[in-house]
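Engineer: Top to bottom, those sequences are chains A and B. This note's numbering applies: residue 1 is where the first sequence begins, and numbers increase by one. This note's numbering applies: residue 1 is where the second sequence begins, and numbers increase by one.
Because the hints were derived from the structure by calculation, they are not lab data. Do not take every clue at face value.
Note that the list lumps identical chains together, so a pair holds whenever it fits in one copy or between two copies.
Below, in silico cross-link-like pairs of lysine-lysine (PhoX-like), each with a Cα-Cα straight-line distance of 25 Å or less [stated by the list, open to error]:
(1) Lys293 - Lys68
(2) Lys168 - Lys205
(3) Lys351 - Lys399
(4) Lys205 - Lys21
(5) Lys91 - Lys293
(6) Lys149 - Lys21
(7) Lys168 - Lys197
(8) Lys392 - Lys33
(9) Lys351 - Lys33
(10) Lys33 - Lys197
(11) Lys21 - Lys260
(12) Lys33 - Lys260
(13) Lys68 - Lys33
(14) Lys392 - Lys99
(15) Lys149 - Lys168
(16) Lys396 - Lys21
Since we're looking at a predicted model, the values are computed, not measured.
Number of protein chains: 2
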Amino acid sequence: MVVTQNKEVRTDRWPVNPHVKNLQASILREILKTSSQPGVISFAGGLPAPEMFPLADLQQALIDAVAKYGADSMQYSLTRGVPLMRELLAKRATERGTKSEVDNIIVTTGGQQAIELIARTFISAGSYILTENPTYVGALQVFNYYGAKYAPVAMDHEGMIIDQVEEKIREYHPSIIYTVSNFQNPTGITLSLERRKALIELALKYEIPIIDDNPYGDVRFAGEPLPTLKSIGGDAVIAVRTFSKTIAPGFRVGWINGPKDILDYIEKSKQCIDLHTSSINQYMLYEYVASGKLEPHIERIKTDYREKRDVMLKAMEEHFPDGITWTHPEGGLFLWVELPSHMSGQDLLPKAIDLKVAYVYGQPFFPDGSGLNTLRLNYSNASHENILTGIKRLGKLFKDHM
Amino acid sequence: MVVTQNKEVRTDRWPVNPHVKNLQASILREILKTSSQPGVISFAGGLPAPEMFPLADLQQALIDAVAKYGADSMQYSLTRGVPLMRELLAKRATERGTKSEVDNIIVTTGGQQAIELIARTFISAGSYILTENPTYVGALQVFNYYGAKYAPVAMDHEGMIIDQVEEKIREYHPSIIYTVSNFQNPTGITLSLERRKALIELALKYEIPIIDDNPYGDVRFAGEPLPTLKSIGGDAVIAVRTFSKTIAPGFRVGWINGPKDILDYIEKSKQCIDLHTSSINQYMLYEYVASGKLEPHIERIKTDYREKRDVMLKAMEEHFPDGITWTHPEGGLFLWVELPSHMSGQDLLPKAIDLKVAYVYGQPFFPDGSGLNTLRLNYSNASHENILTGIKRLGKLFKDHM
Numbered sequence: 001m002v003v004t005q006n007k008e009v010r011t012d013r014w015p016v017n018p019h020v021k022n023l024q025a026s027i028l029r030e031i032l033k034t035s036s037q038p039g040v041i042s043f044a045g046g047l048p049a050p051e052m053f054p055l056a057d058l059q060q061a062l063i064d065a066v067a068k069y070g071a072d073s074m075q076y077s078l079t080r081g082v083p084l085m086r087e088l089l090a091k092r093a094t095e096r097g098t099k100s101e102v103d104n105i106i107v108t109t110g111g112q113q114a115i116e117l118i119a120r121t122f123i124s125a126g127s128y129i130l131t132e133n134p135t136y137v138g139a140l141q142v143f144n145y146y147g148a149k150y151a152p153v154a155m156d157h158e159g160m161i162i163d164q165v166e167e168k169i170r171e172y173h174p175s176i177i178y179t180v181s182n183f184q185n186p187t188g189i190t191l192s193l194e195r196r197k198a199l200i201e202l203a204l205k206y207e208i209p210i211i212d213d214n215p216y217g218d219v220r221f222a223g224e225p226l227p228t229l230k231s232i233g234g235d236a237v238i239a240v241r242t243f244s245k246t247i248a249p250g251f252r253v254g255w256i257n258g259p260k261d262i263l264d265y266i267e268k269s270k271q272c273i274d275l276h277t278s279s280i281n282q283y284m285l286y287e288y289v290a291s292g293k294l295e296p297h298i299e300r301i302k303t304d305y306r307e308k309r310d311v312m313l314k315a316m317e318e319h320f321p322d323g324i325t326w327t328h329p330e331g332g333l334f335l336w337v338e339l340p341s342h343m344s345g346q347d348l349l350p351k352a353i354d355l356k357v358a359y360v361y362g363q364p365f366f367p368d369g370s371g372l373n374t375l376r377l378n379y380s381n382a383s384h385e386n387i388l389t390g391i392k393r394l395g396k397l398f399k400d401h402m
Numbered sequence: 001m002v003v004t005q006n007k008e009v010r011t012d013r014w015p016v017n018p019h020v021k022n023l024q025a026s027i028l029r030e031i032l033k034t035s036s037q038p039g040v041i042s043f044a045g046g047l048p049a050p051e052m053f054p055l056a057d058l059q060q061a062l063i064d065a066v067a068k069y070g071a072d073s074m075q076y077s078l079t080r081g082v083p084l085m086r087e088l089l090a091k092r093a094t095e096r097g098t099k100s101e102v103d104n105i106i107v108t109t110g111g112q113q114a115i116e117l118i119a120r121t122f123i124s125a126g127s128y129i130l131t132e133n134p135t136y137v138g139a140l141q142v143f144n145y146y147g148a149k150y151a152p153v154a155m156d157h158e159g160m161i162i163d164q165v166e167e168k169i170r171e172y173h174p175s176i177i178y179t180v181s182n183f184q185n186p187t188g189i190t191l192s193l194e195r196r197k198a199l200i201e202l203a204l205k206y207e208i209p210i211i212d213d214n215p216y217g218d219v220r221f222a223g224e225p226l227p228t229l230k231s232i233g234g235d236a237v238i239a240v241r242t243f244s245k246t247i248a249p250g251f252r253v254g255w256i257n258g259p260k261d262i263l264d265y266i267e268k269s270k271q272c273i274d275l276h277t278s279s280i281n282q283y284m285l286y287e288y289v290a291s292g293k294l295e296p297h298i299e300r301i302k303t304d305y306r307e308k309r310d311v312m313l314k315a316m317e318e319h320f321p322d323g324i325t326w327t328h329p330e331g332g333l334f335l336w337v338e339l340p341s342h343m344s345g346q347d348l349l350p351k352a353i354d355l356k357v358a359y360v361y362g363q364p365f366f367p368d369g370s371g372l373n374t375l376r377l378n379y380s381n382a383s384h385e386n387i388l389t390g391i392k393r394l395g396k397l398f399k400d401h402m
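Modelling step: build the complete structure from the supplied sequences, incorporating the hints.
Structural biologist: And the structure:
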């Protein structure tokens with residue numbers, strides 16, 4: 001019966017689209033494979049601390065969800081998201097300064113799918129995207145698939161250097177402005193209040209949507225809270241949010257808060273892509289959040305991450321040689337290292353792994369291909385002891401190659 | 001601070017892609033809204049029977065998954081899928097006649113995402129797809145987004161009329177052959193064994209991948225089991241599978257069984273689209289399936305659906321006037337009605353809803369736009385009593401309009 005047994009199937013002659021064939025596998029995921037070798041202390045990942053996941057409370061949330069919503073909790077549901085969840089997200093956004101209706105919310109399969117849906121809506125081959133240089137590499141991967149070009153804007157300690165933005169807009173006419181405004185991945189830098197206001201003014205003047213990719217905003221453990229771009233800019237801003245960094249990534253539940261007419265388009269795209277986000281996961285997380293357990297949980301995460309950041313910063317002070325600089329993030333998961341310009345984060349990585357410590361080199365985060373002398377360190381997913389040991393090893397490596 | 005309060009945000013001037021703007025909302029979803037009015041007996045949906053969901057066993061599976069895998073169950077996981085789950089799926093496929101390695105499996109966010117990923121891989125503007133006429137409307141929606149054209153092949157009671165296939169291949173050079181070979185949505189028809197073999201021969205001869213969208217294959221409640229296209233055709237076939245119809249749709253866990261090199265492309269696309277499918281859902285369903293609970297559960301579903309189908313068929317015999325024909329499915333969720341050629345399923349639907357009964361009219365399932373005199377009935381999601389009452393109402397409606 002196996003008619004193919006005598007006949008070769010030439011899958012290499014099947015008509016695979018060139019822009020799929022040319023997709024780069026995420027460099028991060030490649031590095032993660034290397035860095036997961038036994039004995040390697042890894043600052044490479046972007047994983048939230050697993051020891052913080054509220055496992056028991058989430059088990060209870062499932063039991064409650066099944067008891068309350070029965071089979072509805074596991075049935076097909078609306079593309080826009082489970083209504084209870086959308087109401088909760090709109091209410092919470094409103095309480096936090098972003099006036100939102102239920103129709104301003106669409107639940108997505110993680111923040112990554114939100115980026116995909118937004119890119120599908122606005123980006124076609126040759127569209128320019130104005131973005132920070134560097135920026136989130138997982139967004140660049142999506143934008144590249146859609147054939148985007150970039151108008152990258154350099155950063156300083158207050159985020160995107162705003163004086164360059166208007167000039168770039170006039171030169172490149174970008175379709176969207178993409179920013180990770182809070183504790184940015186990869187740099188840990190936060191856009192200042194003055195620049196938030198200025199960026200929104202420019203977006204309004206030139207009628208360009210701002211995509212505020214904000215997975216880390218709720219995890220501020222130092223400094224003064226700033227109003228979100230969305231709360232300042234209203235409909236001028238499409239906010240991408242997620243529970244991945246506040247509850248756990250494995251649920252793949254994120255959401256977009258944006259103008260209703262734009263979400264109508266996004267809803268139709270999402271219908272094609274996966275019909276809807278897991279209903280059981282929406283009901284579970286709804287029960288967890290509605291029961292008031294999220295806020296105290298986030299406080300525990302903040303304490304944990306602040307301590308880890310402090311351990312890392314202190315170790316860097318002690319062990320990194322002069323000529324190396326780094327950021328001091330007030331939240332999120334990452335900090336960012338600049339080596340002297342003659343040193344390469346990529347070239348040093350194999351030597352670091354020989355020393356049993358790993359990081360992500362910075363260059364892939366730069367839309368303009370620069371940043372050879374940079375690297376990203378994650379502190380959320382390592383013990384204090386490993387942070388100390390790993391930073392000491394990196395310090396030795398850097399000293400040896402100064 | 002709200003700088004937008006005196007300034008209108010003209011989202012209508014944002015650069016929304018035309019092919020997103022032109023996406024049709026699913027006609028099915030529109031009909032579902034109408035048919036969910038109180039008192040309407042609906043045969044319109046495609047929902048599995050919610051009273052069959054194994055709620056308690058799935059609660060237990062979550063408790064077991066969290067106990068065994070701890071925080072891993074909620075952490076980021078591999079794009080290709082949780083290894084345990086992929087091993088289980090490969091093993092089960094092999095046991096059922098499709099020799100599969102772990103690398104032949106990628107877990108997807110439901111079967112719908114599998115279709116999206118395959119379309120992204122193979123379809124670009126102007127690509128032809130050879131498909132049954134009619135076929136699954138949710139696949140047409142995806143294919144339309146990618147700019148597909150169609151080479152539709154008429155069906156009889158044995159599925160796609162195979163004599164037309166080679167001619168269509170020569171005329172249109174399709175990029176893929178898309179088929180729902182088992183208990184097709186919408187018709188309930190199953191492709192015969194001879195035609196399966198013939199279709200694979202043609203696919204091999206012309207080097208065209210067959211996409212076998214097979215969500216219902218495990219729910220055969222009558223007749224003789226047939227080998228799947230995949231088990232006959234090996235690497236010539238890419239199989240789309242899902243737990244939506246055997247466990248519950250709300251988990252959004254499906255998978256593709258296909259050639260490794262093609263899955264490598266699909267993996268990179270999935271990385272862009274949602275990073276990975278919910279880890280907790282994969283671990284839950286793994287625990288449920290690995291514990292041996294799925295097989296007896298599927299037997300219960302088969303009994304339930306066979307009884308419902310029988311009640312519906314008997315009521316149709318009794319109440320539908322001469323001149324109307326329908327299919328006798330041996331599995332799955334749907335049967336298919338052909339009215340006399342002068343009658344329109346679409347025109348009759350509002351009158352049916354006046355009589356408090358709903359169905360989906362058939363025309364949207366036809367890539368060639370024909371099928372005005374057809375309609376689809378779902379029997380899985382109605383009680384015996386409602387089936388009797390609803391079919392009686394439809395019988396009256398049809399008699400009045402013959």
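Engineer: Hint by hint, say whether it matches the structure.
Structural biologist: Verification of the hints:
With identical chains, the CA atoms of Lys293 and Lys68 are at most 25 Å apart both within one copy (18 Å) and between copies (24 Å). In the homo-oligomer, the alpha carbons of Lys168 and Lys205 lie at most 25 Å apart inside one protomer (14 Å), although the nearest pairing across protomers, at 53 Å, exceeds that limit. In the homo-oligomer, the alpha carbons of Lys351 and Lys399 lie at most 25 Å apart inside one protomer (13 Å), although the nearest pairing across protomers, at 82 Å, exceeds that limit. With identical chains, the CA atoms of Lys205 and Lys21 are at most 25 Å apart between copies only, with a shortest distance of 24 Å across copies and 39 Å within one.
In this assembly of identical chains, the alpha carbons of Lys91 and Lys293 lie at most 25 Å apart only when taken from the same copy (16 Å versus 40 Å across copies). Taking the closest pair of Cα atoms, Lys149 and Lys21 come within 25 Å of each other both inside a single copy (19 Å) and across two copies (22 Å). Proximity of Lys168 to Lys197 under the C-alpha cut-off of 25 Å is restricted to the intra-copy arrangement: shortest distance 18 Å within a copy versus 59 Å between copies. Only within a single protomer do Lys392 and Lys33 lie at most 25 Å apart by alpha-carbon distance; the minimum there is 23 Å, versus 62 Å between protomers.
Taking the shortest Cα distances, Lys351 and Lys33 sit within 25 Å of each other inside one copy (16 Å), while across copies they are farther apart (60 Å). In this homomeric assembly, Lys33 and Lys197 never come within 25 Å of each other (Cα to Cα): the closest approach is 41 Å inside a single copy and 42 Å across copies. Proximity of Lys21 to Lys260 under the C-alpha cut-off of 25 Å is restricted to the inter-copy arrangement: shortest distance 14 Å between copies versus 35 Å within a copy. For the identical chains of this complex, Lys33 and Lys260 are inter-copy neighbours only, at 19 Å across copies versus 41 Å inside a copy, given an alpha-carbon limit of 25 Å.
In this assembly of identical chains, the alpha carbons of Lys68 and Lys33 lie at most 25 Å apart only when taken from different copies (23 Å versus 41 Å within one copy). In this assembly of identical chains, the alpha carbons of Lys392 and Lys99 never lie at most 25 Å apart, being 47 Å within a copy and 50 Å across copies at closest. Taking identical chains as interchangeable, the C-alpha atoms of Lys149 and Lys168 lie at most 25 Å apart only when both belong to the same chain, with a minimum of 13 Å there against 40 Å between chains. In this homomeric assembly, Lys396 and Lys21 never come within 25 Å of each other (Cα to Cα): the closest approach is 41 Å inside a single copy and 56 Å across copies.
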